[in-house]
Amino acid sequence: MEDIPALEKKFEEKIASGIVIEPKDWMPERYRKQLIRMMSQHAHSEVVGMLPEGNWVTRAPSLRRKVGLLAKVQDEAGHGLYIYSATETLGADRAKLVDDLHTGKAKYSSIFNYPTLTWADIGAIGWLVDGAAIVNQTALAKCSYGPYARAMIRICKEESFHNKQGYEILASLMKGPPEQQKMAQDSINRWWWPCLMMFGPSDGASPNSEELMRWKVKRYTNDELRQRFIDRTIPQAEHIGLTMPDPDLKYNETTRHYEFGEINWEEFNQVIKGNGPCNYERVHARKDADEKGLWVREAAEAYAKKKLTMNS
Amino acid sequence: METTQWNLWEVFTQESPGDPHVHAGSVRAPDAEIALQNARDVYARRGEAVNLWVVPTEYITASTPEDQGAFFDPGNDKAYRHPNFYKTPDGVKL
Ligand SMILES: [Fe+2]
Ligand SMILES: [Fe+2]
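Residue numbers (our numbering), protein chains in the order written: chain P, 1 to 312; chain R, 1001 to 1094.
None of these hints come from the bench; they were simulated from the model.
Glycine included, C-beta positions come from ideal geometry on N, C-alpha and C.
Errors might be hidden in some of the hints.
[Claimed, not checked] Label pairs and their computed distance ranges (CB to CB):
#1 I240/P x D1041/R: 41 to 47 angstroms
#2 V296/P x Q1068/R: 23 to 29 angstroms
#3 E1048/R x V296/P: 22 to 28 angstroms
#4 K305/P x N1076/R: 54 to 60 angstroms
#5 N264/P x S1016/R: 35 to 41 angstroms
#6 P115/P x E1048/R: 32 to 38 angstroms
#7 T1088/R x E12/P: 45 to 51 angstroms
#8 K14/P x N1051/R: 42 to 48 angstroms
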């Protein structure tokens, strides 16, 4: 019989002294469950995140933009796969995880339920959405679960290209004619607040935060990460002449942080619940791709079997 | 539930010639050939590897964390396997 309290105590001690947890190490069921939930949600976000950007691949304004966007979207597929792979080390089954996304049992980042209406939105996503992801993932690269932390290190190396290609798109639109400048500003007006929501509810309203912080899965609170993102992003916006749609935004000389207005958490809750502009479309597109790809998976499997019998 | 899920393969990448192969993660694939191609697409999009190994996950046997102490003990208590165990006369540099 396992002595659970003793194992738990040893586990907490390991966490406290900064020892990284590996797949075969003993861990509380709840730690495993929370990680599977969080990591699969993250993997789904990478995969669903390809859809809004994929929408513009065929309409990119130049070959330079097209190859950049294509490579970026391919990276996001890779990110999804790194994290699914890391989630499987916890005993989760990949097919089941994907199934949970399709049935709506599993969530993904609320940001991807917004539509990409203009080319400038591709700039806004690369710069802001990936910018927010960088802040989040840099923190997760120090998380207590080894395979997740290692996947994050791999991902962080690739994100800076995503961030820069987005910023370059907006910077050149801002140097263009007034119509292009207007298009760029309009995209920021629509994406800024949803990006701030990406970090999740405020510390007081975030039910999982405390436990995840204690286990060093999360190293900073949602509010801390949100502030970090705002502080690094505003100077970049000012540099190319973009303004955030927040009249309360101002730099506080004493705290050396930007102060910002109230986030509309009701909108966030609605999007999470499935009432965002594109929730149905996104999950439907994933299911569709899964069904349409079934024959490819079956054919490859049949071919592999055939080769095996021919060789024996 | 889906009918088809390909097998799991562990991926090891060699960063440059002469380096050891290091575990990178896993991919799903129906056979070794596709496992290699998937591993290239997932773990070597930017010259992260000059060589790849893929191994069916089920063929990997790992030591368990519980026997960490006892299992590695034969290596841990033999001071005479280390240079510090041996004395050198003063004035000589070895
Ligand atoms: Fe990503
Ligand atoms: Fe990205």
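The hints, checked one at a time:
1. I240/P x D1041/R: 41 to 47 angstroms: violated (34 angstroms)
2. V296/P x Q1068/R: 23 to 29 angstroms: 43 angstroms Cβ-Cβ, so the 23 to 29 angstroms window is violated.
3. E1048/R x V296/P: 22 to 28 angstroms: Given a distance of about 26 angstroms, which is inside 22 to 28 angstroms, the answer is holds.
4. K305/P x N1076/R: 54 to 60 angstroms: violated (47 angstroms)
5. N264/P x S1016/R: 35 to 41 angstroms: violated (50 angstroms)
6. P115/P x E1048/R: 32 to 38 angstroms: holds (34 angstroms)
7. T1088/R x E12/P: 45 to 51 angstroms: Holds, since T1088/R and E12/P (Cβ atoms, about 46 angstroms apart) stay within the stated range.
8. K14/P x N1051/R: 42 to 48 angstroms: violated (35 angstroms)
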